[in-house]
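Both chains are given apart, each in its own frame, so use the hints to dock them into the complex.
Protein chains in written order, with the UniProt record's numbering: chain S, 1 to 366; chain U, 1 to 310.
A portion of the hints provided could be inaccurate.
Computed spacing ranges between beta-carbons, pair by pair [as the list claims (entries may be wrong)]:
1) S:Lys113 to U:Val130: 56 to 62 Å
2) S:Asp112 to U:Ile232: 50 to 56 Å
3) S:Val311 to U:Thr35: 58 to 64 Å
4) U:Pro114 to S:Pro107: 52 to 58 Å
5) S:Asp123 to U:Thr35: 47 to 53 Å
6) S:Glu313 to U:Met109: 56 to 62 Å
7) U:Pro114 to S:Ala227: 40 to 46 Å
None of these hints come from the bench; they were simulated from the model.
Nothing here was measured: the structure is a model prediction, and the numbers come from that model.
Built from N, CA and C at the ideal position, the CB exists for glycine as well.
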Amino acid sequence: MAQVSLRKVIKAYEGGVQAVKGIDLEIADHEFVVLVGPSGCGKSTTLRMIAGLEEISGGDIAIGGTVVNDIPPRDRDIAMVFQNYALYPHMSVYDNMAFGLTLRKFPKAEIDKRVTEAARILDITPLLERKPKALSGGQRQRVAMGRAIVRDPKVFLFDEPLSNLDAKLRVQMRTEIKKVHQTVKTTTIYVTHDQVEAMTLADRVVVMNHGVIEQVGPPQELYHHPATRFVAGFIGSPAMNFIPARIEEASGALNVVMNNGTTLAVPEERVARYRPYAGKQVLFGIRPEHLTDDKTMDKSNLAPLSLTPEVIEPMGMETLAHFRHEGTEITARLDPSTPAEVGKPLALIAHMNQMHIIDPTTDKVV
Amino acid sequence: MADGGAATLPRMDAPGGASLKRFARRRSTIAFLMTLPLIAVIGGLVVWPAGYAIHLATLNRRMTSFIGLGNFEILLESETFRMVIFQSVFFAITAVILKAAIGFWLAHMLHHIPANGQRKWRGMLLVPWVIPPALSTLGWWWMFEPTYSSINWILNIFAIPSVPWLGEPWWARISVIIVNVWYGAPFFMIMYLAALKSVPEQLYEAAAIDGATSWQRLRYVTLPMMRNIISITVLFSLIVTFANYDIVRVLTNGGPRDLTHVFASYAFQVGILAGNIPRGAAVSLFMFPILAIIAFFVLRGVNRRNKEEA
Ligand SMILES: Nc1ncnc2c1ncn2[C@@H]1O[C@H](COP(=O)(O)OP(=O)(O)OP(=O)(O)O)[C@@H](O)[C@H]1O
Ligand SMILES: [Mg+2]
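Chain U on its own, in the form it takes in the complex (with noise of 0.2 Å):
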């Protein structure tokens, strides 16, 4: 080892930079040279972020002295906290799963329409998507609101009585699950359409000669091929709308009594609106966790699909 080392080393002092030529030369520094402005990006708008975030969390509310893990001993002790948590589980999750339904229902139904009609549907059934939400929330707003409610009009006209769309928490909770839902079914209906495209036509043939019905198909052959495809459009969209905040901020503004807050607005709520930034980067630290957990699990499935299979 010794010997090995004096032996080497005055030749790597003979040339006089060769050694560093060739350090430059090498394939993976010239990578990692080539992808440092990426990394100073992420790093300077994602890690140290969230660094700071995490240091915010841990100080007191003048942002004075260090008191650890307090502010969420605080939040959890806290009635409202814990409301916040459910609904934004239940909104989040509800939110997703209806999402995923109708995206994958919708392109199933374009997938079996003609190429040409095709894409004036899906064209239109995009639309949602492409508008800025915090306008089209401004519109369900409009059409939610108990003086000029379009859609109690229209439930009057039928003779059903109205509904308080905004005043009632349950309502509320429904009404920015409906147009989360209508905001995000679109993303999913275009992955699923470009998905159920890339299933090979003969697997179909073969399960209808194997003796599948239609349903059986879908079951078997459909969902299992989509499964990758299922399971990050499911973990992404989770994250996104985990993390919403201008739909509940537009619509109910947290209300009524706060029942409809998601974490993203309640922080926002607790650290601008009410002056706590430390307890607000708690909050929305607060999600980081149980996302990293499904989004381990989750990605872990998709890699181990794929060298199965694909």
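Okay, chain S solo, but in the shape it has when bound (with noise of 0.2 Å):
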């Protein structure tokens, strides 16, 4: 087990594309960090220089404290699980999980009582002798981490290991997964461009786009305090609305008023951080879950607002309006039980002090 560190770490592909952009990053040991992004925005490269599959054009990777720039993958001493399993087709599930324990001359009773330890872990103890052919995709996605947990390296590398398998499997995996991270504590950089698996399973997540990272922080830290627009818009489903308005004074406080003349009042703890952009031209960010009708209990920094629904889309548990407000889409999260109607007028209720400025000019958050 090892912590993982990245140093300006940069990669260009031949033809001058740069995929990866000198990104900094630190991974503790034991530490569940989850990349994630837009697709083609360089995780899976990123994964793959610490792999050691992919050569690194600049700066330094270090695992365990040793620069591994030039080590050959067979010598970093980490395992990776594949998007699509990458299984050997002729060899039993049993060899496919002691092959690299062969390979690195492990005794025979070692590979045997590891091999077995794992597939009780992972509930494949059946399956053993089994080719992956005769395997379905969610036991083949087993066997594929049995491969890595066996090998007991230094860090698991994940990319986007459940993309394959169908919703509900990926829900079963995605608490597996959680569950064997728990277990062993292997250091773990897992790639996927599922914000809700990113979510669930990080200690810390990191936001990639276009090669560069955007924001690190822990889950919670990530959906309440973004950084950018980006990471506001990425994290969160439905994503976050982004409604131009202007930020007024009036005899002290601060309003934010949107183009058709709807006026919010921004909380008082709130006035001192937004009081540069006063008279300026924003984007105004509130996430759906936080443009509700009004059946709150907690009663303070609310702000009224009347938006007519064009789409209404009942989930069960929630009714998700959609409106269109010049030129914006606009999300709210309703109650169920809220009489909406296509083209009524509704009265919403946007919690102020869950809300968020990004000046336009930089798109960052305020």
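In structure tokens, the structure reads:
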């Protein structure tokens, strides 16, 4: 087990594509870190550089304090789970899991002990004699994890390990992975583009975009205190609403004034923070769950507004209402008992203590 | 049973030919009718000659009386024919192993050349395979032939004495194998190159992370993944090489002292040149059981792996 450090790591592919543009990241021992970001942002590339499958164009990667830039994958003491599992089709499940240990010349008894133990943890003991072809997707996934666990490596690397599974199995395997990590506690780097996976699994989430790290932090911090407009929009589902507005000062207090004149009062404790933006055009960010109907208990810092729904989506435990306001899409989460109707104005309240102000010139959250 | 038969019979008669139509419309019937031409061709070109050859092999020299396995007994007792068996087996096995090994090595080299250079090399390496072997063997004969041998000439430059390529039995055997390998290796190369390309890159990455060196990746990933194509190409090549005729005929014509004959060239010698057609047929039938047994086991292995893995 070990910590992993990335210092100014750059990857430029032949042909000049800079997939990773100098990232810094410190991962502590036993930590579960999730790299998340949209397709093509360089997550896999970063992971493959840590694995040693991809050469590093600049910077340093250290595992357990040793710089591994020029060390081949087999000497890095890492284990990786691939998106399509990459099981050896000609080997039985047992041999697939034992392969890494056999190559490292472990004694037979030790191999057997470890494989049996991993099979027990993953609940695949009855499958040990089968070939991968005779397994379902979820079973293959477990075998691929077993292959990583038996090695007892310094670091686990996962590249979208669940994206080939159906929705139900994905949730189940997600829990499984979390359980395994709580048991073996190996430092883990996990790549996904699914932010729910990121939020549920991670000790810390690394949000990447266009080859750079936008923000690193625990899931709750990313949710409540996003640093940039990108993170604010990427974390959370449905995504945060961004409404063009002005900050206006009126007798010491600040108001968010939307283009149609709707005025929402800024909570007192935030006035100092937003005062420099008084009189300026900004983006008013508010999550759908903080834009609701008037059923809440906590009555402080609520601002009323009225919008006319275009689409209503009843989800069972909640109802999503979509509005169009001066060219921007706005989503609100309503109590399912609220009688919302398309085309009929709806009274909403904004939880202003959960608001965000984004400076449109820098795209940073103020 | 009898009741059922009595009940259906009148009904079949009544509509008049309706059941015949139904029979003609059945999928298996249509499939059979459509493959009929092919079955006829195979029957005419394979089954009938093979049957005729077996019939011939049981006749005496004048083809006037049936002598059972007499021809085979005489062959097995003859020193020359035992030499032919030895030479055929030695030639086929050595040549196939060398062809497969060299073909694999070439394919592996090509596989690691970037795509644009690869085409050029692949084309050049395929040349021996596309030249008619009788023609290229003539070229080799020219290079081996003692008076003009260019190979010997080159050897002499490096102060190595001339080699009696075609004059000495063992050298002649080696020469035949060299030419056959030169001609046949490109076939293996092209088959193995295609097979190498079909091994998923991620398996190599997984193996590299599991701790495999490049040799171990070859040993534990590439070769097992290619087992089927290797079995089939080796089987195919073994059949063709056992039956090789043109290289031996042109290069040594069986000499010196009938020591480089293989089944096919010896069958020609005995059956056509010496005029004993039944015995020639017996010679050519000799390799059939050997190949049939090998083919059975190889194909069974391929089938089993296909079911388990692919
Ligand atoms: N071998 C390569 N050669 C050139 N460019 C590449 C290569 N591999 C990836 N790229 C580019 O590098 C960028 C990052 O790719 P990467 O695979 O890391 O994305 P990702 O974040 O894993 O995306 P996804 O979620 O779709 O897997 C992409 O723009 C991609 O086109
Ligand atoms: Mg990826």
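Honestly, which of those hints from before does the structure not fit?
2, 4
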